[in-house]
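*Asks:* Spelled out, the chains give:
Protein chains: 2
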Amino acid sequence: MTDELSDLIGELVDTTADEQDQVIRQIVATREPEEVALLLESLPLAVRLDAWSKVPADDKLDILLTMRGDPRESLLDNMTLQELDALFDGMAAEDLVELSESLPRRMVDRALWVMDEQQRHYFEGAKQYRDDQIGRWVSHELLVLPTNARVRDGMRLLRRELPDYVDTVFLVNRAGHFSEAVRIGKIIASPDHLPLVDLSEDVFTVLEGQEDSVDASVKVQQSGFSALPVVDDTGKLLGRIDVGTAGELVNTYYEGQLMAGAGMDENEDLFAPVVKSARSRALWLGINLLTAFMASWFIGLFEATLQQVVALAVLMPVVASMGGIAGSQTLTLIIRGLAMGQVTSANLKALAKKELSVGGLNGVLWAIVIGLVASVWFGSPVIGVVIALAILVNIVAAAFSGIAVPVLLDKFKLDPALSGSVVLTTVTDIVGFVAFLGLGTLLLV
Amino acid sequence: MTDELSDLIGELVDTTADEQDQVIRQIVATREPEEVALLLESLPLAVRLDAWSKVPADDKLDILLTMRGDPRESLLDNMTLQELDALFDGMAAEDLVELSESLPRRMVDRALWVMDEQQRHYFEGAKQYRDDQIGRWVSHELLVLPTNARVRDGMRLLRRELPDYVDTVFLVNRAGHFSEAVRIGKIIASPDHLPLVDLSEDVFTVLEGQEDSVDASVKVQQSGFSALPVVDDTGKLLGRIDVGTAGELVNTYYEGQLMAGAGMDENEDLFAPVVKSARSRALWLGINLLTAFMASWFIGLFEATLQQVVALAVLMPVVASMGGIAGSQTLTLIIRGLAMGQVTSANLKALAKKELSVGGLNGVLWAIVIGLVASVWFGSPVIGVVIALAILVNIVAAAFSGIAVPVLLDKFKLDPALSGSVVLTTVTDIVGFVAFLGLGTLLLV
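Chains as they are written, first to last, in the numbering used here: chain A, 1 to 445; chain B, 1 to 445.
Hints are not guaranteed to be accurate.
Heads up, the list lumps identical chains together, so a pair's fine if it works in one copy or across two of them.
Pairs of lysine-lysine residues, derived as BS3-like cross-links and limited to a Cα-Cα distance of at most 30 Å, are as follows [stated by the list, open to error]:
(1) Lys411 with Lys349
(2) Lys276 with Lys54
(3) Lys349 with Lys276
(4) Lys186 with Lys349
No lab work stands behind these hints, which were simulated from the structure alone. Note that the structure is a prediction, hence the values are computed from the model and not measured.
Could you build the full structure based on these sequences and the hints that come with them?
*Replies:* Below you can see the structure in the form of structure tokens.
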């Protein structure tokens, strides 16, 4: 797919204006909406808007729904009221839930105004939940029957058009509470008069609306079923989450984790307007600057030493950088463990013992190597000893912080994937500089 | 799920030895294999092996199949030949494909020896493909009918037990070549005598065995179907990839990307043996050390300057660190774009222009801020000018490298997620130090 997409981008950029209309129509007709969305995201802003104006109106909604937040906004912002109204016409609740993230409030109201009553009701139900709760993302295309239904009722239902990703029929009691799930395969294979409850699954996961959306999506992926039901806190069936939606939520989560490492989010637009992009990144640079100045301030404490032994200034980055790398290895492992629920108070001590041992071993190894190189380079065994000790201290401290920092951040409900590495490198920088320059002051001055 | 898992870990660690047997059996009986696998991964090695010995033999295979590589190996290595034979008994080809990554060759042969001929044939077919090709991961639980079959044949097939994630029947010609797909829903709703080909899907994606496994998995996730067929280069049907397998492959890919940032891979065991873990991380520390020494060497060129103006030594980390952060923002965006096929020669120039503009804007902003702070701190406007210019140069250079480094690595078939940030920070460190100390030498000495 990636190769094909690259080809399409090339094709679109190289096309003359007259042919473009034709090319875009053909792409939209033969590709999945997800591919067209990725393609549009890959176009510089002006080309993107131009291309968007040539996408047939009927295809626009599906493409917008799968697009990342920021590029989607770039398109929605440039659509006329008339175009938006066409988009809203006959829109399902779950589509508006998705789009409402990128629409101003008054446009959402406009969309609600033309929406049919049932869908508006669904929309308001979904909005009861936060966007990190699974209740927000349910779909309402369900196969539902009352608990006293029989196989023949099931077959009648199945003969109407089946929604995507359906492998069970949900049985619901009179109060609308979810009760059982019956596999379609079993309905097809059973005699007409059998009650469906006799065929229902013994073990079947039911999701609750306020569950974390990623955890719940992973449950769907692991269930082996194409979709799981979602209920509210009274047990009333709200809708379902299918493997398609679950996959999107999990992929978005992972993209978010990857982008968070650089202080960005998963909605970042490849071709965001320059000023907008500069502004959103400036904050992260500013936070980093504060921590860098902090490290500098600690170095400043040792100005006199640095003046006398300039070799220390030359070697400083080695100490800081080895600590940063060792710490980030532990950090990465712990962040993954925390996200999966694998790191908890019960195994934290054992984990710390293991990581400190690993740190100790690598600390000794690299202390020796770096100590030898430094003493040869500067012709001074004492410099070798100073840097060797500093490296050992910093790598062990890095292992400790690699566990402590994410665990504490997580306890304070801060995302370790976002702020973990900034805090960690601040610690390893400061510990490294102070250990190195402090030992240097003691042994060399 | 994450909370529940944490509770289970606590439960298992706090249990006395006599109760453990009972607790484990109960967990295995009521949880998905994926959850049990995550739980076992979260236990220190000795506890893990102890718990594993109490897992009923019949449940072991499913748990092993969903476990990450390294922890799985820790369990397999400690199983007796007898236990392994029980595991191999009646094993499906796709299970052995998965396990064979963690088994020594002679154990794979042993498993093949007891495998039935059809499954052995499938296994050898899968092994024709590399593990980054989708052909390696196909399953063989298919609903297949000849191209001349009718609805009544379809219904007969559906009345047997349906495999998980099946929403279409595949039609195959006499040579075994895939021809069409028919939705189950349409078969159920149509009269008995109708030829199935009349009901087949107009647009249906067929995967080829040698396609990239992640790209192909994304296609499955985007298709809206529960599974897509995979064919070899002659068009012969090899099997299918369902949304379950696709989700696992995509999640593993993302985990790999996240771990690669710290020079590790997705198989890393939370409780790997200390020596093994230290060894695997030492390589990454060694590579980093080389780059750190390189940066030091450049600093060393300016020893005389540093001796005269020690403020430069104090401020060095600020210049390097701002460049590193700005560069990693661009790098992260480009790595994601490359992975999705969104960055290509056709839009590279526009992308570079945008990133350089963003870099220029943030460069000017932070140059002014840092220049002012430094000139006040050290009471020297010239130091302010020196660091301001160095920051501007380094942030712009970082934006440029943030694009050039991953694009070049990708061109040479190296994974930018693994080596991108090491190469990038080497560039930003060196550019930063040379610009800063070079300007310092010119203007301050």
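*Asks:* Broken hints, numbered, in rising order?
*Replies:* Of the numbered hints given earlier, the structure breaks just one, which is hint 4.
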